[in-house]
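> Residue strings, one per chain:
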Amino acid sequence: MADLPLDNKLLQEYAHGFVTPVEEELVPPGLNEDIVSTISRKKGEPAWLLEFRLKALRAWQRKSEPHWAAVDYPPIDYQSIRYYAAPRRLSAGEGVDPEVLRTFERLGIPLHEQQRLQGVAIDAVFDSVSVATTHQKILEEHGIIFCSFSEAVRRVPELVRQYLGSVVPPGDNFFAALNSAVFSDGSFCYVPPGVRCPLELSTYFRINAAGIGQFERTLVIADRDSYVSYLEGCTAPIRDENQLHAAVVELVALEGATIKYSTVQNWYPGDEQGRGGIYNFVTKRGECRGARSRISWTQVEVGAAITWKYPSCVLRGDDSVGEFYSVAFTNKHMQADTGTKMIHIGRRTRSTIVSKGISAGESRNTYRSLVKFLPGADHARNHSQCDSLLVGNQCTANTFPVIESENPTAIIEHEATTSRISEEQLFYLQSRGLDPEAARSLIVNGFCREVFQQLPMEFAVEAVKLLEIKLEGSIG
Amino acid sequence: MASESVQGLELGSIPTVNTASTVSAAPTIHAPELDDLPLQPDLEQWRRLAAARANALPWPLPTDESWRRTDPRSFELDSMPVHPWLPRRTELHEHPWDSFFDAVVELDGHGWGVRDRSGVVDPARLWIAPLEDALRKDPALGSSFTGLSWPEAPRERHEWTALAHATAALVVRAAAAQKFERGVFIRIRRPEGSLYCPWVLVRVEHLSALHLVLSVEGRGDARYVENLWWSVGTAGRLRLARLQFGEGAASMQYLRGRVERDASLDLVSAQLGERVVRSNLAVDLAGPGAQARLGGVALVTGQRHLDQRTFQVHSAADTASDLRFKVAVQDQGRSVYRGTVAALRGAVRISGYQRNNNLLLSPGARADSLPGLRIDADDLTCTHGATVGQIDPDELFYLRARGIPEAQARRLILEGFFEEITSRVAMPELREGLRRTLEQDLSV
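Keeping their order, the protein sequence lines are chains A and B. For the first sequence, position 310 matches number 310 in my numbering, and the numbering has no gaps at all. For the second sequence, position 198 matches number 198 in my numbering, and the numbering has no gaps at all.
Everything labelled a hint here was simulated from the structure, so no lab data went into it. Here the structure is a predicted model, which means the values were calculated and not measured. All C-beta atoms, glycine included, are put in the ideal place defined by N, C-alpha and C. Careful: at least some of the hints might be erroneous.
Here are the computed distance ranges between Cβ atoms for each label pair [what the hints assert, rightly or not]: (1) B:Gly-302 <-> A:His-383: 55 to 65 Å; (2) B:Gln-40 <-> A:Trp-68: 29 to 39 Å; (3) B:Asp-379 <-> A:Pro-46: 57 to 67 Å.
Build the full structure now, drawing on both the sequences and the hints.
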């Protein structure tokens with residue numbers, strides 16, 4: 001399908017919408033055992049991993065696509081998607097194509113040694129492969145393994161084998177099964193006991209080729225009493241076709257460990273008429289396996305035509321903590337069905353949910369969550385706060401929380417509000433000389449503050465700017 | 001007697017409730033036009049159509065989203081014979097509460113009757129009549145009760161089945177601009193061992209105010225499916241208390257109603273009995289200025305199961321709804337609450353409020369809460385809240401520190417928990433009766 005002309009207004013709004021002219025190696029469209037075997041062979045994987053993939057493929061074939069989410073989209077032809085694409089030079093072992101490096105530079109992610117971002121180690125994923133991972137040396141000094149998933153399979157197969165699929169089993173759901181069968185690259189991170197990771201770890205996902213899907217797999221393991229902060233960013237070119245992104249992220253926090261996982265998702269959301277954009281169907285789940293462990297999800301969702309994503313925490317260890325902070329912004333014809341699950345298994349487990357939905361244009365924004373207390377979750381606690389802000393008069397905002405308690409000592413509190421930007425606040429700010437756009441932007445920022453505060457500094461600045469750009473012209 | 005015309009009406013037996021996999025689990029496409037069936041003077045014909053509607057729908061499966069938490073097999077309607085159509089009687093049982101009302105309506109296993117205690121029962125004031133008589137004399141009445149279903153709260157098969165097999169259909173209508181000193185008491189004493197389906201339609205004409213209390217009691221196993229419809233005309237006021245007592249039956253309630261321009265509804269629902277209950281409450285705020293205050297108290301004890309569903313539809317601008325449902329669960333009881341506040345397109349400047357508080361009093365108790373907001377309009381405020389927890393240890397400590405024994409302290413706290421709702425029951429004697437029942441059932 002044709003790429004849209006890039007000199008239009010769209011590119012101003014979505015600056016990441018360019019295409020990199022790079023020769024790519026592609027597998028034929030379609031999904032079957034041959035394709036899965038081909039992907040596995042290209043990556044030189046061991047037999048057990050191929051077996052894992054084939055098992056997932058069979059599970060996927062038995063499953064049907066879920067349609068309970070409050071999103072509408074035409075049927076996806078899974079046999080017309082290419083499940084693997086890689087820049088040719090990279091896969092031929094000729095080093096990284098300069099065009100690819102330039103792409104990441106243009107996206108603000110320099111991979112050259114001298115220009116690297118200080119304090120952040122980045123794994124850059126281009127279509128189906130990891131291009132480069134920075135700051136490896138410093139990390140190695142601390143015994144931290146941070147590399148592409150394919151590399152991890154070669155370097156630490158026993159760790160991968162032990163944890164892969166242990167939080168999100170291959171047959172967990174339709175999209176997780178699909179990912180488990182065809183996942184290409186992604187990041188792997190292992191933090192050894194007692195280590196506090198000195199850098200922010202980051203993965204940047206870029207979809208470039210047309211007609212492909214991206215199916216990355218991320219696995220983060222924080223061993224006893226360790227700490228890691230992980231960031232994720234994503235962009236894609238402007239196209240009038242829909243592209244599928246079905247990732248799986250698994251987090252494992254052992255005793256006393258903390259994982260902080262932040263996402264700024266800015267996939268191409270489609271144009272004014274709702275043409276094109278990424279379908280973002282993602283399974284993210286973390287397990288607080290050990291006592292006193294902590295997993296914190298922070299997400300800023302401003303892109304993608306359709307988002308279907310519920311970062312969850314399984315609070316198995318006693319005294320473990322789960323957190324979910326989310327800003328979901330929808331505009332134009334975007335549809336987001338997002339939220340979280342907090343499964344309390346251990347005693348005195350605690351969870352916090354803060355969700356902020358902003359709906360503009362003709363978009364649809366749904367918050368959906370599950371908070372479940374199992375009989376053993378003595379004195380567990382949850383507090384949920386989910387607010388929706390309506391910016392347009394053609395949009396829809398839904399809130400569907402589910403609360404299940406099987407333990408009388410557990411306490412759950414849930415609150416939700418939906419309202420429009422207050423005219424009084426707008427008037428107040430305008431009477432102090434702010435123009436309507438700036439006033440609105442300020443109010444929206446204030447609305448999201450609780451979530452932005454959770455983001456690492458650079459990401460928070462980025463998120464505020466992104467939201468400002470996205471809000472432009474959406475005054476209803 | 002008019003009721004003769006529908007007596008012995010052959011609607012065909014109720015087909016077997018199919019919870020096996022022979023019925024396709026595929027989601028059924030909801031057709032709103034199938035939901036509405038305007039009432040017509042030929043009630044017999046109407047009930048045949050209702051039976052056809054019922055047969056066109058599948059029985060729910062335990063895998064259906066709305067039945068995942070309540071086993072539909074508890075509500076197999078064919079497991080008991082359909083109770084025959086009730087004749088009119090003149091003999092009524094006495095009840096201590098009778099003297100608090102202007103008129104008393106009683107339905108039991110043998111018939112139904114009305115006692116006019118204040119001389120107000122008259123078509124020009126307070127009209128209490130069989131539905132077919134009412135529709136024949138005033139065909140326009142039917143239009144007050146059309147359009148009482150919405151895509152999110154469609155009519156279910158059980159509901160249509162109950163309408164087709166109704167045991168009695170009674171209309172209570174307050175004529176325009178009427179005020180009554182006390183109100184109407186409808187007492188239903190459901191019999192044992194049958195499928196018993198009362199159908200009550202309440203119409204409050206413009207500028208009228210009516211107070212209505214409906215109580216249900218009964219012993220032993222039965223299938224009880226109630227349809228309670230109301231329609232409050234312009235600037236009318238309806239105060240409605242529905243008290244569910246009883247032991248042993250599987251009870252379903254379909255409460256649907258509309259509140260028109262500048263009218264108000266104040267409803268208190270008390271769920272204090274029966275073995276397994278699924279109650280559905282849907283209120284449409286249909287005209288500007290309409291208001292609804294919806295309160296619920298429930299105590300779930302023993303092995304009982306209570307599934308409550310509420311639906312606040314704001315289909316007009318400048319409307320307000322306020323729902324507070326309080327549930328205490330003890331022993332191995334289980335409570336499910338699912339609520340929706342819906343703002344339809346154009347319903348601007350509305351205020352929608354929904355709160356569900358659950359107290360778990362014993363280790364085996366379980367409560368699920370699914371509050372929900374569906375907003376398709378912009379300029380509005382909608383809020384919901386839900387809590388699940390136990391009696392606050394700090395409150396308990398405070399009371400005990402003042403010398404109140406633990407059991408009594410717990411009782412006091414629970415009384416306070418329900419008080420927000422029970423205090424809204426208008427009649428002091430009823431309010432006391434409700435409090436006493438709540439207290440008796442608590443095993444603190």
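> Against each hint, give a clear statement of whether it holds in the structure.
Consistency of the hints with the structure:
1. B:Gly-302 <-> A:His-383: 55 to 65 Å: At roughly 32 Å between Cβ atoms, A:His-383 and B:Gly-302 fall outside 55 to 65 Å, so the hint is violated.
2. B:Gln-40 <-> A:Trp-68: 29 to 39 Å: holds (38 Å)
3. B:Asp-379 <-> A:Pro-46: 57 to 67 Å: Holds - the Cβ-Cβ distance for B:Asp-379 and A:Pro-46, about 60 Å, lies within 57 to 67 Å.
Figure legend: structure checked against the earlier numbered hints; the only hint not met is number 1.
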